[in-house]
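Generate the whole structure from the sequences, applying the supplied hints.
Protein chains: 2
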Amino acid sequence: MRIRTLTIVGVGLIGGSVGLAAKRRGLAEHVIGVGRQELSLERAKARGAIDEACLDLTTAAHKADVAVFCTPVDLIAEQVLAAAPSSRPGTLFTDAGSTKAAILEKVEGRMPEGVAFVGSHPLAGSEKKGPEHADANLFEGRLTIVTKTARTDTEALARTADFWRSLGSRVRVMNPVEHDESLAFTSHMPHLVSAALASVLPAELQDLTASGFRDTTRIAAGDPAIWSAIFAQNREAILAAVDRLDNHISSFRRALENGDWPGVLELLTRAKEARDALGN
Amino acid sequence: MRIRTLTIVGVGLIGGSVGLAAKRRGLAEHVIGVGRQELSLERAKARGAIDEACLDLTTAAHKADVAVFCTPVDLIAEQVLAAAPSSRPGTLFTDAGSTKAAILEKVEGRMPEGVAFVGSHPLAGSEKKGPEHADANLFEGRLTIVTKTARTDTEALARTADFWRSLGSRVRVMNPVEHDESLAFTSHMPHLVSAALASVLPAELQDLTASGFRDTTRIAAGDPAIWSAIFAQNREAILAAVDRLDNHISSFRRALENGDWPGVLELLTRAKEARDALGN
Chain A
1 MRIRTLTIVG VGLIGGSVGL AAKRRGLAEH VIGVGRQELS LERAKARGAI
51 DEACLDLTTA AHKADVAVFC TPVDLIAEQV LAAAPSSRPG TLFTDAGSTK
101 AAILEKVEGR MPEGVAFVGS HPLAGSEKKG PEHADANLFE GRLTIVTKTA
151 RTDTEALART ADFWRSLGSR VRVMNPVEHD ESLAFTSHMP HLVSAALASV
201 LPAELQDLTA SGFRDTTRIA AGDPAIWSAI FAQNREAILA AVDRLDNHIS
251 SFRRALENGD WPGVLELLTR AKEARDALGN
Chain B
1 MRIRTLTIVG VGLIGGSVGL AAKRRGLAEH VIGVGRQELS LERAKARGAI
51 DEACLDLTTA AHKADVAVFC TPVDLIAEQV LAAAPSSRPG TLFTDAGSTK
101 AAILEKVEGR MPEGVAFVGS HPLAGSEKKG PEHADANLFE GRLTIVTKTA
151 RTDTEALART ADFWRSLGSR VRVMNPVEHD ESLAFTSHMP HLVSAALASV
201 LPAELQDLTA SGFRDTTRIA AGDPAIWSAI FAQNREAILA AVDRLDNHIS
251 SFRRALENGD WPGVLELLTR AKEARDALGN
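Chains A and B, in that order, are what the protein sequence lines are.
For the first sequence, counting from 1, position 104 maps to 104 in the numbering used here; every step adds exactly one.
For the second sequence, counting from 1, position 105 maps to 105 in the numbering used here; every step adds exactly one.
FYI, nobody ran anything at the bench for these hints, they're computed from the structure.
Treat the hints with care, since some could be wrong.
Since copy identity is lost for identical chains, a pair holds within one copy or between any two.
[As the list claims (entries may be wrong)] Derived DMTMM-like pairs: lysine to aspartate or glutamate, alpha-carbon spacing no greater than 25 Å straight-line:
no., residue 1, residue 2
1, Lys128, Asp215
2, Lys129, Glu257
3, Lys106, Glu257
4, Lys63, Glu113
5, Lys272, Asp74
6, Lys272, Asp246
7, Lys23, Asp56
8, Lys129, Asp74
9, Lys106, Glu236
10, Lys106, Asp260
11, Lys129, Asp276
12, Lys63, Asp207
What follows is the structure, given as structure tokens:
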């Protein structure tokens, strides 16, 4: 794959990493970064993540051969719909949002003739934000979900998969609803729990935390605005996953209350097996 | 501080790190490792964590000027009481167990004249085990809790604090019950929650986890036997901490159910502030 002009809307940690990887790997000749704040675009440019900064979405959309939206999930659909009418036929639109069904619902059927939108979600990132933390290797060996619905254009789907592979990622095609239900378990509900853990720590006990507590709550430092938008778009699946977790915590609680130590040992053994299966 | 013979009972990650740090820093002239398995003692010796391997606790206790027990919390009290009668007057006993009140209750008042036991807990470690993962710098800059009760000998307390400081640690003196209640929040309850998170992940979704899930569940890979013993010794405080977490998860759940997005944003903002206060 070879892109003449790649437009990245939202040049934070993810968007900046897309830009760095696209340039490092020779995927794009010219990279335009779109944002609302000149200063943050300049930082992205200084970092080498984009060649050109642009405050106007429609201008940048018109120049794009591929446009990737790396903004918070509650903004993606409206930005795609605002940009699409200015784009040229054959342009591919995709995104990097952590939810997929709500975005696809709003966008599908509303794109201009010849312009395709395919939903994506690279499973990579961090609790940090901003182009300063962008990393050309962020997608290397990681998995990107590319979504397929009854309306997805087959050629656009293949191009989207190629795009992420060209950035170093592995790709899996999935239905958006299945994506959202899965990510509720692997990312969204764990974020909620991690936030709850960080919050219930009495302030006077901060000094008594060690690496275990810090690992367990690391993601709670993520941007609250980004995460509340994710929670809003995937509410049902997250609530279902919270229920499953609650049930499991209750099993632990009952075993502790009953002094059922073989039961506790078994619960911990099952957890260790599950965690060991993930590797580092 | 300078120790002629340091005896370490249980030469795993913690005991091995005590040995490596004691030798690297010139704290002990001779380090004896005590264990039940010759093979694991040989690994500790090969690693340079101990000078001498000993399968017999009483022999090693007799030679010790300082003896530190780095075994699972359900074994420490009985091992201390088994070793103490063989030790010479002036010997200092301490430990590295993650719970303190139950151990102190069993040991205090039962030590021979002139032999002191002071409870300790270095807030350092990892989900890994074995002397292969021992680290001479494990205690560097970390906090060790040294416990004080009405019966604690003042000089022994000072020597214990010196011991951990000589290994690179900072030291805080605390009551054992306060220690256990605090650690329920900073370590034991988070371990339970991390284990529950790892367990509820459907196996077919393992490929869809990224660094966030892995961080949040890292400690769930800890040794189930070690952790079930900790849970047994600190049951009440852990259950109280689980209740507090449950309440907080319920606040999130209500906000999600009611579509109260400013409420969700505020909960996430509070969590981020709490996590940011901890540093990396």
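Here is what the structure says about each hint:
Taking the shortest Cα distances, Lys128 and Asp215 sit within 25 Å of each other both inside one copy (14 Å) and across copies (14 Å). In this homomeric assembly, Lys129 and Glu257 never come within 25 Å of each other (Cα to Cα): the closest approach is 42 Å inside a single copy and 28 Å across copies. Taking the shortest Cα distances, Lys106 and Glu257 sit within 25 Å of each other only across copies (22 Å), while inside one copy they are farther apart (48 Å). With identical chains, the CA atoms of Lys63 and Glu113 are at most 25 Å apart within one copy only, with a shortest distance of 17 Å there and 86 Å across copies.
Proximity of Lys272 and Asp74 under a CA criterion of 25 Å is satisfied inter-copy only: 20 Å between copies versus 36 Å inside one chain copy. Taking identical chains as interchangeable, the C-alpha atoms of Lys272 and Asp246 lie at most 25 Å apart whether they share a chain (19 Å) or sit on different chains (22 Å). When the C-alpha separation of Lys23 and Asp56 is checked against a cutoff of 25 Å, the pair qualifies only within one copy, where the shortest distance is 22 Å, while the shortest distance between copies is 64 Å. In this assembly of identical chains, Lys129 and Asp74 lie within 25 Å of each other by CA distance solely inside one copy; the values are 17 Å within and 44 Å between copies.
With identical chains, the CA atoms of Lys106 and Glu236 are at most 25 Å apart within one copy only, with a shortest distance of 18 Å there and 50 Å across copies. In this assembly of identical chains, the alpha carbons of Lys106 and Asp260 lie at most 25 Å apart only when taken from different copies (22 Å versus 51 Å within one copy). For the homomeric pair Lys129 and Asp276, the shortest alpha-carbon distance between copies (13 Å) is at most 25 Å, but the shortest distance inside one copy (29 Å) is not. With identical chains, the CA atoms of Lys63 and Asp207 are never at most 25 Å apart, being 53 Å at best within one copy and 36 Å at best between copies.
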